[in-house]
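Residue numbering for the sequence shown follows the working numbering, starting at 1 and increasing by one per position.
Think of the hints as simulated: they come from the structure by calculation, not from any bench.
Some clues are possibly wrong.
Claimed, not checked - Here are the simulated DSS-like pairs of lysine-lysine, each with C-alpha atoms no more than 30 Å apart in a straight line:
| no. | residue 1 | residue 2 |
| --- | --- | --- |
| 1 | Lys61 | Lys16 |
| 2 | Lys35 | Lys55 |
| 3 | Lys55 | Lys16 |
| 4 | Lys35 | Lys61 |
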Amino acid sequence: MPTPTLQELLDEPEMKSEIIRSIETVMLIIVLFLKYEPEQLETLTNTYETLYTLKQSINPKS
């Protein structure tokens, strides 16, 4: 069985919601990590921005 593409997963509403929740969880983890490792701010900013952009592209209303 082939692995589904991201687009195929996004076509299913429940998967779309799950993906958004997962992205939000990772974004929260980044914020919490920065509380204890502030020197990583520059490194993690790009990751956070990428996740935010991905989340916005999946659901512009969020």
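Status of the hints after comparison with the structure:
About 13 Å separates the Cα atoms of Lys61 and Lys16, which keeps this hinted pair within 30 Å; it holds. Distance hint between Lys35 and Lys55 is fulfilled; the C-alpha atoms sit about 23 Å from each other, no more than 30 Å. With a C-alpha separation of about 10 Å, the suggested pairing of Lys55 with Lys16 holds against the 30 Å cut-off. Among the hinted pairs, Lys35 with Lys61 is consistent with the structure: their alpha-carbon atoms are about 28 Å apart, no more than 30 Å.
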